[in-house]
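A.B. asks: Top to bottom, those sequences are chains A and B. The first sequence begins at 981 in the working numbering and counts up by one. The second sequence begins at 8 in the working numbering and counts up by one.
One or more hints might be untrue.
[Claimed, not checked] Now the in silico label distances, taken between C-beta atoms and shown as ranges:
#, chain 1, residue 1, chain 2, residue 2, range
1, A, Arg-1066, B, Trp-11, 31 to 41 Å
2, A, Gly-1363, B, Leu-55, 15 to 25 Å
3, B, Glu-34, A, Ala-1246, 40 to 50 Å
4, A, Thr-1402, B, Val-38, 48 to 58 Å
5, B, Trp-41, A, Arg-1066, 26 to 36 Å
6, B, Val-21, A, Val-1142, 46 to 56 Å
7, A, Ser-1250, B, Leu-73, 55 to 65 Å
8, B, Ile-45, A, Asp-1404, 26 to 36 Å
Rather than coming from a laboratory, the hints here were simulated on the basis of the structure. Even glycine gets a Cβ: it sits at the ideal position worked out from N, Cα and C.
Listed below, chain by chain, are the residues.
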Amino acid sequence: MSTSTLPHAGQSATTEAGMRLLSGITGTHPAAGLPAHLGQWGKLNLRQPGPTILRELEASGLVGHGGAWFPVSTKWRSVVSGSRRRPVVVANGAEGEPLSRKDAFLLTRAPHLVLDGLSVAAHVLRAHQAIAYVPGSRLDGVNAAIMERHELGLDPVDIVAVEAPDRFLAGQESAVVNALSRRAAIPSFVDLRSIRERGVAGRPTLVQNVETLAHVALIARFGADWFRSVGTSRSPGTILLTVSGRWERPMILEGELGSPMRTVLALSRSDLDGFGGALLGGYGGGWVTMPTLYDLVLTEDSARQAGSSLGAGIASLLPRTVCPLSEMADVVRYMEGQGAGQCGPCVHGLASLADEMATLAFGSPRRGDHVERILALCTLVDGRGACRHPDGVARYVRSGLTVFAEEAKSHLRHGPCALTRTPDAITPNRRVSRYVEERHS
Amino acid sequence: MSTWQETLVVDATVCDGHGVCSELFPEHISVDPWGFPIVDDEAITPALHEHAERAVASCPKHALHLVGRRC
Chain A
981 MSTSTLPHAG
991 QSATTEAGMR
1001 LLSGITGTHP
1011 AAGLPAHLGQ
1021 WGKLNLRQPG
1031 PTILRELEAS
1041 GLVGHGGAWF
1051 PVSTKWRSVV
1061 SGSRRRPVVV
1071 ANGAEGEPLS
1081 RKDAFLLTRA
1091 PHLVLDGLSV
1101 AAHVLRAHQA
1111 IAYVPGSRLD
1121 GVNAAIMERH
1131 ELGLDPVDIV
1141 AVEAPDRFLA
1151 GQESAVVNAL
1161 SRRAAIPSFV
1171 DLRSIRERGV
1181 AGRPTLVQNV
1191 ETLAHVALIA
1201 RFGADWFRSV
1211 GTSRSPGTIL
1221 LTVSGRWERP
1231 MILEGELGSP
1241 MRTVLALSRS
1251 DLDGFGGALL
1261 GGYGGGWVTM
1271 PTLYDLVLTE
1281 DSARQAGSSL
1291 GAGIASLLPR
1301 TVCPLSEMAD
1311 VVRYMEGQGA
1321 GQCGPCVHGL
1331 ASLADEMATL
1341 AFGSPRRGDH
1351 VERILALCTL
1361 VDGRGACRHP
1371 DGVARYVRSG
1381 LTVFAEEAKS
1391 HLRHGPCALT
1401 RTPDAITPNR
1411 RVSRYVEERH
1421 S
Chain B
8 MSTWQETLVV
18 DATVCDGHGV
28 CSELFPEHIS
38 VDPWGFPIVD
48 DEAITPALHE
58 HAERAVASCP
68 KHALHLVGRR
78 C
């Protein structure tokens, strides 16, 4: 994929000073090579003892930006203390969620920041091996960056790039370990703590999202106080967001945590009528109403209070010109197909959910309790898989049927609405920009 | 003071929905419309411990586990 098909880096909606990972990235410039990277950020100092860096990471309050929001220092410590064998560290760039593009963007435009972070992890955890697990479309670019670093001897261990399959679940932590152990890239029935003790090749394994590692690279340079100089005390720093549906094309934004969402998304009250609702956190996230979105602050706490999650930093606004039930039916069908096919309740439950959602959206449901039956299916699948895939779909459907309760009622009564279209298969590469294409076609 | 509690856990990746477990141990295991077990997360009382063990031992796929934890 060429860079032109990627979304543009947005001007940070906060301030230029609030830009960190994206500072220096503008327009459609190609990836920064190593000289430009070193010119901008300076060389990483890996002479600092590992425990010192780990204490800085803890003081920074950095959490994982792959969707789980787990404290980074806690995770690293559990790998450190897990075993005497030297660990494997993995930069996880398998961004399976179709509404997210920030990881691909970062790997394209600032690969050295990500690889610096991986290098810090390898140093602190005294890793035996460092792996960049990235989509096929980013493999050449990342390999070129690795070669540049190799020539200067920048990394404590050689970094190897491995291709991540283009599947929704390919980035799930146990799926990553399976993929790197030459098994299918699907989740296992494991306690994630056990991966930190016995993961790739039986070694303790750290799997960390690429954006998180980019933050690590900056904290290792500038320290915890610098990191905490933006954001709030509970949610320090910045976050990358993939925003779709809002503007003519999807945007990657860097937002200061704690900023008003309306500022980040440049929403005024008059914009609210143009959208039916917003999906936060992607297809495993949750829908919120526009007034709720307008009053949110950019923190995971705030999103969770609204019954949703920022997930991997996703905000997707649904224009009023799109039938929300058609949209939801397409997404649930997609999520059914993206399951690993291992767990009975997920296989059968998501198939039934997709059928019932399709009937609600495109057909003529004959029974008045159709929505209740869909909600009962959500309860039936929630928490019943080895991974969180069915739980995410349940949250997506429940929240959507709440936000779009009126539309659901109208479909029940009158069948498809004027905006209803035919079922449409979701293709990950096109999905993120679909609404706006529709609006402009 | 911490106590030891046991709960049942299904490895859904290997469970094929034979249904033996729910027949042997309906106190804590029901089945969904597709025949897969729904295990509640209630602690197993000592009185039912043997029943739980029998359900675990009877699973043809070894998908059912009795997990102990301190709480």
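A.B. asks: Going through the numbered hints above, which ones does this structure break? Give me the numbers in ascending order.
C.D. replies: Hints 3, 4, 5 and 6 are the ones this structure does not satisfy, whereas the remaining hints hold.
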